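As given, the protein sequences belong to chains A and B, one line each in that order.
Per this note's numbering, residue 1 is the first one in the first sequence, and the count goes up by one each step.
Per this note's numbering, residue 1001 is the first one in the second sequence, and the count goes up by one each step.
Accuracy of the hints is not assured; some may be wrong.
What the hints assert, rightly or not - Distance windows between CB atoms, simulated:
id: 1; chain 1: A; residue 1: L12; chain 2: B; residue 2: T1243; range: 48 to 54 Å
id: 2; chain 1: A; residue 1: K155; chain 2: B; residue 2: A1064; range: 58 to 64 Å
id: 3; chain 1: A; residue 1: P115; chain 2: B; residue 2: E1063; range: 33 to 39 Å
id: 4; chain 1: B; residue 1: A1064; chain 2: A; residue 2: F107; range: 35 to 41 Å
What the hints assert, rightly or not - Restricting the straight-line Cα-Cα distance to at most 30 Å, the calculated cross-link-like pairs of lysine-lysine (DSSO-like) are:
id: 5; chain 1: B; residue 1: K1115; chain 2: B; residue 2: K1189
id: 6; chain 1: B; residue 1: K1189; chain 2: B; residue 2: K1024
id: 7; chain 1: B; residue 1: K1190; chain 2: B; residue 2: K1112
id: 8; chain 1: B; residue 1: K1115; chain 2: B; residue 2: K1190
id: 9; chain 1: B; residue 1: K1190; chain 2: A; residue 2: K155
id: 10; chain 1: A; residue 1: K155; chain 2: B; residue 2: K1189
Unchecked claim - If you only want the chain B side, here are some residues facing chain A, beta carbon under 7 Å, derived:
id: 11; residue: T1061
id: 12; residue: R1079
id: 13; residue: G1082
id: 14; residue: F1085
id: 15; residue: W1093
id: 16; residue: L1110
id: 17; residue: A1113
id: 18; residue: Y1131
id: 19; residue: F1134
If you are wondering where the hints come from, they were derived from the structure by calculation, not from laboratory data.
Please read all numbers here as calculations on a predicted model, not as lab measurements.
For glycine and all other residues, C-beta sits at the position ideal for the given N, C-alpha and C.
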Amino acid sequence: MPQSLFAFRKSLDRRTEMVLGVLGFILFLSAWHLTAVSGAIRPEFLPTPLAVAEAFVRLFTERGFAEDIVISVGRVWFAFLLSVAVAVPLGLYMSTYRVVGAILEPFIDFVRYLPVPALVPLLVIWFGVGEASKIAVLWMGTFFQLILLIADDTKRVPAEYVEAGHTLGASNGEIMRHIIIPAALPNMIDNLRITLGWCWTYLIIAEIVAANSGIGHVIWSLRRFVKTPEVMAGIIAIGIIGLLTDQAFRYAHRRAFAYLRK
Amino acid sequence: MQNFIEISDISKTYWSADGKTETKVVLPLSMTVAEGEMVMFLGPSGCGKTTLMRMVGGLETPEAGTIALRGERLAGPDRRRGMVFQSYSSFPWLTVRDNIRFGTRYRRDLSKAEKDEITDHYLQMVGLGRYRNFYTNRISGGMRQRVAIARTLASSPDVLLMDEPFGALDAQTREFLQFQLMDINTREKKTTIFVTHDVEEAILLANRIVIFSSRPARVIREIDVDALIPAEDRRAGTADMPTFFDLRAEILKIIREEYKHSLEDA
């Protein structure tokens, strides 16, 4: 062992990190399994991990779960990209032109504090029970958060970068494209990753309230028959999708911003 | 000879956050800089010398007065006045070479080949050829300042403005860069305003030293260093030491007195 696992405030190599990450899952599953087989909790409430794994397979083979996953992922990404397309330019302008910020900030702060679930009835009245209302819920949940995060990332670009740009002869538009955006991009992508995670929270809310497809709908309808293994399998599916997306984002981030590596 | 830079009756005031108290940063002040001259701004910290230089760069707007370059009145920042900052302003997402090339990016009269040629010229001049493909957060602070200097030179400004560019560096690196800057200056003959609080640095690099009072900045003393210690001697390290140290002591005394005044006034 070249380095101690408990070196104070030191990093570990990637291989060790991976092994430990897997170990964390194994510990969790073992504790779960032991609790379930001990008989302390009835299986209707806590099935064994194996029962959940079997339910997971049944979801795909008997209930066409793959289709629900595609639908949910599609909703999340559609709403997320719609949010990004509006929030990124507005966020950039908010922090570049004070007048835009002065107009938008108080309003955004107001909307940001409205709990999205409370908006669902209103959005269903406006958009019906079809796809539009679900997209609207997701959009409401992420747009107003994202715009402030983007504005913040842009504001944190050092003043010297911008001043250097001016004295090198760049126009305002060129400073935006060639300096501010590249400088803020790593943090922006990180914030997009975090916002995408929130999308899943709101998706389940939207699919529980009004939907006849999607992961949230499947979980909620199986609840009625106390199919606890299937409900847990559905929840785990969301976790897996989230984990994969997050890892993909991190991988892309590392590749795109190699210069940040120490 | 026409004055290259002409600062006329310029003044600047900062207001406190509540808008009630004003602090005069620069009093009506006039000064000229000749073409090719290296002027060092010295003064007690917080005296307004950086503000004055930033006004020359167009990064701060004077309250009254004018600044002219070759007889043409200046307003906002542009490529005629290049700036090197104390903090590292090289772009971390670009390599050393691409950072320097960024200096040529807005020279719209140049072809791609000419830009490459200029880039490589300055890359060699600051001695970073070996590090051309390194990102700037992988190189030392001294190297990053060399990148910033090369980038600014590559943009071909009429005036080079340097705001304590070596202030954050260790003593050895600082001395190395001072000598490198002297070398560059001999070749490029760039009109330079250099703000520093380091008296030895000022004597080493200056054609002329301008000493400012404590805030609000007034010129209290101008020293023609070239007349006292020939530039070639300073470059070669053969300057007459007693003259050097007398000058250093004299300047330190002026600044010390000024600093005391500023404390008494407060």
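Verify the CB-CB distance for L12 of chain A and T1243 of chain B against the hinted window 48 to 54 Å. 59 Å, violated
Verify the interface restraint on G1082 of chain B: the C-beta must sit less than 7 Å from at least one C-beta of chain A. Since chain A brings a Cβ to about 5 Å from G1082 of chain B, closer than 7 Å, the hint holds.
K155 of chain A and K1189 of chain B were given as a pair; does the straight-line alpha-carbon distance stay at or below 30 Å? 37 Å, violated
Interface hint status, W1093 of chain B versus chain A (Cβ within 7 Å): 5 Å, holds
Hinted pair K1115 of chain B and K1190 of chain B, Cα distance within 30 Å: 20 Å, holds
Per the CB criterion, is R1079 of chain B less than 7 Å away from chain A? The hint holds - R1079 of chain B has a Cβ within 7 Å of chain A, the shortest such distance being about 3 Å.
If you draw a straight line from the CA of K1115 of chain B to the CA of K1189 of chain B, is it 30 Å or shorter? With Cα atoms ~21 Å apart, K1115 of chain B and K1189 of chain B stay inside 30 Å; holds.
Distance restraint between K1190 of chain B and K155 of chain A, which requires alpha-carbon spacing of 30 Å or less: 34 Å, violated
Please verify that hint: F1085 of chain B, Cβ, nearest Cβ of chain A, below 7 Å or not. Holds - the Cβ of F1085 of chain B comes within 7 Å of chain A, reaching about 5 Å at its closest.
Taking the Cβ atom of K155 of chain A and the Cβ atom of A1064 of chain B, is their distance within the range 58 to 64 Å? 31 Å, violated
When the nearest CB of chain A is found for A1113 of chain B, is that gap smaller than 7 Å? With a minimum Cβ separation of about 20 Å from chain A (threshold 7 Å), the hint on A1113 of chain B is violated.
Given pair status - K1024 of chain B, K1189 of chain B, alpha carbons within 30 Å: 34 Å, violated
Against the hints set out earlier in the document, violations occur for numbers 1, 2, 3, 6, 9, 10, 11, 16, 17, 18, 19.
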